[in-house]
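2 protein chains.
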Amino acid sequence: MDEFLQYKKEQFIDKIAENMHAFGISETIGRILGTIYMNREPMTLDELSEATGMSKMRMSQVVREMIELGIADKIRRKGDRKDYIQVENDYYQTFISLFTSNWQREVRKSRAFEQRFSKDIHQTNVDASSQQEKEILAQEMDDWKNYYDWINRLVEFFESEEIFKYVPKKEGENRYGK
Amino acid sequence: MDEFLQYKKEQFIDKIAENMHAFGISETIGRILGTIYMNREPMTLDELSEATGMSKMRMSQVVREMIELGIADKIRRKGDRKDYIQVENDYYQTFISLFTSNWQREVRKSRAFEQRFSKDIHQTNVDASSQQEKEILAQEMDDWKNYYDWINRLVEFFESEEIFKYVPKKEGENRYGK
DNA sequence: AAATTTATAAAATAATTATTTTACACAGTT
DNA sequence: AACTGTGTAAAATAATTATTTTATAAATTT
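From first to last, the protein sequence lines stand for chains A and B.
If you're matching positions, the first sequence starts at 18 in the working numbering and goes up one per residue.
If you're matching positions, the second sequence starts at 18 in the working numbering and goes up one per residue.
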């Protein structure tokens with residue numbers, strides 16, 4: 018293929034990697050996503066290894082992470098023992114997947130924390146002199162709970178795609194787009 | 018102060034640090050924010066150093082970073098040479114600040130990239146056999162631009178607090194809350 | 001202006017995260 | 001059942017990021 022175009026493609030992949038990195042995600046994930054995206058066809062671990070120059074093992078790790086994040090899938094092809102990796106190819110959808118999987122995990126962790134914390138606070142008695150401190154702390158936890166409840170509703174707002182009602186995509190966003 | 022309450026306070030600070038870490042931000046930033054937040058009074062670098070057990074130098078670095086992110090401010094007190102560090106104490110506002118400063122930086126970087134990329138693509142001629150590839154790449158860049166335009170509008174949607182119209186905070190969210 | 005307290009820069013070290021190497025289990029083929 | 005290609009786990013290494021140490025400049029007080 019034309020050398021110039023090949024070079025530009027690689028630049029584009031780098032940019033995708035950089036964008037994903039802004040989600041606090043390893044750049045390699047972005048590079049894999051970009052590579053498959055630009056390939057416009059699912060790829061095997063071997064092909065990815067070849068394309069990125071990284072070990073096959075690393076590809077395996079990264080792909081697994083991507084599947085967890087909801088931005089990749091393995092597909093099998095009849096008569097072929099290899100897994101083919103397919104990626105989410107709508108930018109907006111990728112944004113939403115990363116946003117939600119990130120915050121959903123936090124919400125889950127916070128729930129456990131909130132319960133333990135509140136229980137401890139309410140069950141433990143303190144000196145009269147510390148009573149006010151204790152109440153402030155309990156109030157603090159209430160504020161925290163409300164904040165996390167908001168995050169949870171925010172995640173749903175994105176996941177349900179309601180966000181697009183108020184911050185619409187432009188027309189013609191993606192040739193693969195639904 | 019009551020030992021139990023002190024312990025619980027520290028747990029709370031850890032949780033704030035963990036939450037901030039979900040933004041891809043160093044945990045120390047969260048720990049400083051939490052420490053000052055729980056102190057309910059601005060603090061000096063020395064006090065922070067004492068409270069966290071980290072060097073004063075590190076506190077200086079982290080505070081500067083926080084100011085960049087828009088979640089802290091230095092204030093001077095008359096007759097006192099020390100800077101006092103004040104933090105954003107509304108969780109929602111902190112969320113918005115981190116979200117926007119993160120993505121605004123990306124939008125800025127992307128703009129430069131887009132321009133250079135499009136210019137290169139349009140100015141460079143390729144073989145007839147690669148013509149289609151070239152057009153696909155140009156189209157790809159258009160999609161990317163639209164995506165980043167969306168991110169930009171999304172940032173504004175948060176920054177203007179319009180988001181709260183559709184995903185409202187609960188009542189009584191924060192004693193310092195506006 | 002010398003002495004002291006503050007903040008920060010530059011270089012060195014420690015801790016964490018990303019990546020590769022080595023090893024092994026599993027499934028399909030001969 | 002031995003053989004080959006496939007994916008992944010565990011341990012080892014490399015790269016990156018966080019933190020401290022050492023050094024210095026600016027502001028304030030004496």
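By construction, these hints were calculated from the structure, which means they are not laboratory data.
Accuracy of the hints is not assured; some may be wrong.
Derived SDA-like pairs: lysine to any residue, alpha-carbon spacing no greater than 20 Å straight-line [stated by the list, open to error]: (1) Lys162/A with Ser147/B; (2) Lys32/A with Tyr54/B; (3) Lys182/B with Glu179/A; (4) Lys186/B with Ala39/A; (5) Lys126/B with Ser147/B; (6) Lys186/A with Phe175/B; (7) Lys182/A with Thr117/A; (8) Lys26/A with Lys187/B; (9) Lys186/B with Lys136/A; (10) Lys186/B with Thr117/B; (11) Lys26/A with Tyr183/B; (12) Lys182/B with Phe174/A; (13) Lys26/B with Asn163/A; (14) Lys182/A with Trp167/B; (15) Lys99/A with Leu62/A; (16) Lys151/A with Lys151/B; (17) Lys136/A with Gln149/A; (18) Lys162/B with Glu35/A; (19) Lys151/A with Leu154/B; (20) Lys162/A with Glu67/B; (21) Lys26/B with Ile92/A; (22) Lys162/B with Ala39/A; (23) Lys186/B with Gln149/A; (24) Lys136/B with Gln149/A; (25) Lys26/A with Ser147/B; (26) Lys32/B with Asn169/A; (27) Lys32/A with Arg57/B; (28) Lys187/B with Ala39/A; (29) Lys186/B with Asn169/A; (30) Lys182/A with Leu22/B; (31) Lys26/A with Phe181/B; (32) Lys187/B with Phe29/A.
So, going through the hints one by one against the coordinates:
no. : hint                   : result
1   : Lys162/A with Ser147/B : violated, 56 Å
2   : Lys32/A with Tyr54/B   : violated, 37 Å
3   : Lys182/B with Glu179/A : holds, 13 Å
4   : Lys186/B with Ala39/A  : violated, 26 Å
5   : Lys126/B with Ser147/B : violated, 29 Å
6   : Lys186/A with Phe175/B : holds, 16 Å
7   : Lys182/A with Thr117/A : holds, 18 Å
8   : Lys26/A with Lys187/B  : violated, 46 Å
9   : Lys186/B with Lys136/A : violated, 24 Å
10  : Lys186/B with Thr117/B : holds, 18 Å
11  : Lys26/A with Tyr183/B  : violated, 39 Å
12  : Lys182/B with Phe174/A : holds, 12 Å
13  : Lys26/B with Asn163/A  : holds, 18 Å
14  : Lys182/A with Trp167/B : holds, 12 Å
15  : Lys99/A with Leu62/A   : holds, 8 Å
16  : Lys151/A with Lys151/B : violated, 66 Å
17  : Lys136/A with Gln149/A : holds, 18 Å
18  : Lys162/B with Glu35/A  : holds, 15 Å
19  : Lys151/A with Leu154/B : violated, 61 Å
20  : Lys162/A with Glu67/B  : violated, 29 Å
21  : Lys26/B with Ile92/A   : violated, 48 Å
22  : Lys162/B with Ala39/A  : holds, 17 Å
23  : Lys186/B with Gln149/A : violated, 26 Å
24  : Lys136/B with Gln149/A : violated, 64 Å
25  : Lys26/A with Ser147/B  : holds, 13 Å
26  : Lys32/B with Asn169/A  : holds, 17 Å
27  : Lys32/A with Arg57/B   : violated, 42 Å
28  : Lys187/B with Ala39/A  : violated, 29 Å
29  : Lys186/B with Asn169/A : holds, 11 Å
30  : Lys182/A with Leu22/B  : violated, 45 Å
31  : Lys26/A with Phe181/B  : violated, 39 Å
32  : Lys187/B with Phe29/A  : violated, 42 Å
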